[in-house]
Structure formats: structure tokens, C-alpha cells
Amino acid sequence: MNILLIGSGKMGNIVEQLAIEKGHTIVAKYHTLNPFNAKTFLVGDVAIDFSNPSLVKGHTQLCFEKNIPLVEGTTGWNEQFESVSAECLKMGGTLLTSSNFSLGVNLFFEMTKKLSVLIDAYDYNCSISEIHHTEKIDKPSGTAITLAESVISHSNRYANWALYPIDSSPEICQVNVDNTLLIHTERLHGVFGKHSLSYENSIDIIRFEHEAKSRIGFAKGAIMAAEWLIGKRGVFDMSDFLNFAPR
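Those letters in the sequence shown? Residues 123 to 369, by our numbering.
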């Protein structure tokens with residue numbers, strides 16, 4: 123598999139290392155000094171993007187124009203998702219996006235759906251807590267947003283989510299305010315990603331948690347998704363790749 127690798131940060135470097143170990147070829151590496159555009163474009167089988175949310179629109183457009191399947195791993199561009207997806211379908215492109223490519227996190231997403239349905243009939247208030255390294259730009263994380271949207275779509279209790287003040291403790295987030303699911307976010311050195319889903323009432327707490335030990339799981343998932351994506355058309359996510367039944 124010939125890969126166009128967009129983004130030379132820590133994630134991009136790990137993707138490069140693991141892809142080469144699997145026998146794939148990095149045809150081109152794009153970064154600040156070699157931006158991904160029509161002039162620098164090289165032909166490949168697939169593109170993997172872990173760059174900056176401000177660049178996603180241009181990167182996706184170029185991939186659609188050049189008929190290159192794109193695995194989009196950048197987060198923080200949720201507000202553009204609908205327009206980018208529509209453009210992909212209009213141009214006959216291929217796009218797979220995810221807030222998190224880790225297999226463990228995607229299993230976490232699926233279990234969250236089932237738990238949300240199961241617990242909806244009972245008197246529990248839900249909250250989400252996420253902790254990441256200090257270099258992460260977006261708050262809350264894309265993973266936390268995906269969790270929140272999953273809870274909302276599988277529950278009659280919540281209609282939207284909101285970011286709780288950063289200096290507030292997660293326990294305060296248990297309060298259900300106007301059917302709003304609250305997300306507590308924190309940035310600490312050396313944390314690759316920790317997400318907690320909590321259900322609490324006056325009697326007990328049910329807490330469901332995932333913590334990444336490194337970035338390797340994210341990179342492996344992105345490469346596996348890229349391998350799967352070749353030859354397909356349309357807009358996909360990790361549940362399509364992992365063949366999870368719709369809920």
C-alpha cells in the first residue's frame with residue numbers, strides 16, 4: 123500500500139513507523155515545509171491525515187479531486203463534517219473519519235450505546251470526563267464529543283452536551299442541568315487519553331473508563347482502516363470498518 127502521510131507530528135511519525143513495519147510504503151510526507159496541495163501532490167493508494175483542523179477542508183477537497191481514499195484522523199472540525207461529507211458524495215470520493223482509531227475506544231463507544239439504553243429508565247445522571255496531554259488543541263476531545271453524542275442519541279434524558287468549566291471537579295458534573303450532558307476536561311503532562319463515562323445518583327456510581335497507554339493503538343487503527351478503505355466509495359467511520367451492527 124502506497125501511503126500519502128499528511129502531518130509530521132507525533133501521530134504521523136508513529137503511523138509512518140508502523141506502516142513501514144507492515145510492509146507499506148510512504149510515498150510522500152506532508153508538513154508545514156511541504157504542504158499538501160496540488161503542486162506537491164504525488165499519486166498513492168490512500169492518504170492518512172493527522173494534521174490541523176484548519177487544513178482539513180483543503181486536504182479533503184484535494185483527495186476527492188485526485189480520487190485518493192482519505193483516512194481523516196484530525197479532530198476539532200466537527201462543524202465542517204456535514205459539508206465535507208456532502209462534497210465527498212457529490213464528487214464520488216472516499217472518506218473515513220473517526221474521533222479515535224483505537225480498537226479499544228471503538229469497543230468503548232459500542233458498549234456506551236448499550237449501557238445508555240439499559241440505564242435510561244433509571245434515575246442516574248450521566249457525565250463525561252476526559253484528560254489529555256497539554257499539547258492537545260481541541261477541548262473537549264473528539265472522543266468525548268462522540269461519547270456524548272452517543273449517549274444523547276440513545277437516551278431520552280439528554281438533548282445536548284456542554285463543556286463544564288475546566289477548574290470544576292468531575293463530581294460537580296453529575297448535576298443534570300436542563301437535559302444537558304456535561305463534559306469535564308483537563309490537560310496534564312504525559313496523558314495520551316483517558317475518558318470516563320459516569321452514572322451517579324444518591325445511592326451509587328457506575329463508572330466506565332478507557333485509558334490509552336500510548337499512541338500506538340491510534341496509529342494501528344488508522345493503518346488498518348486505510349487498508350480496508352481502498353476500493354470503496356462513500357463516507358465511512360470505524361463502525362463500518364469494524365462491522366459493528368447499527369444501533
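By construction, these hints were calculated from the structure, which means they are not laboratory data.
Errors might be hidden in some of the hints.
[Said to hold, decoys possible] Below are the DSS-like pairs computed for lysine-lysine, each with C-alpha atoms no more than 25 Å apart in a straight line:
#1 K132 with K354
#2 K179 with K144
#3 K335 with K144
#4 K188 with K261
#5 K354 with K335
#6 K151 with K188
Being a predicted model, the structure only gives us computed values, none of them experimental.
Hint check:
1. K132 with K354: This hinted pair is violated, its Cα atoms lying about 28 Å apart.
2. K179 with K144: Answer violated: K179 to K144 is near 29 Å, above 25 Å.
3. K335 with K144: Since the Cα atoms of K335 and K144 sit roughly 21 Å apart, the hinted pair holds (cutoff 25 Å).
4. K188 with K261: Distance of about 32 Å is beyond 25 Å: violated.
5. K354 with K335: Cα-Cα ~32 Å, so violated.
6. K151 with K188: holds (17 Å)
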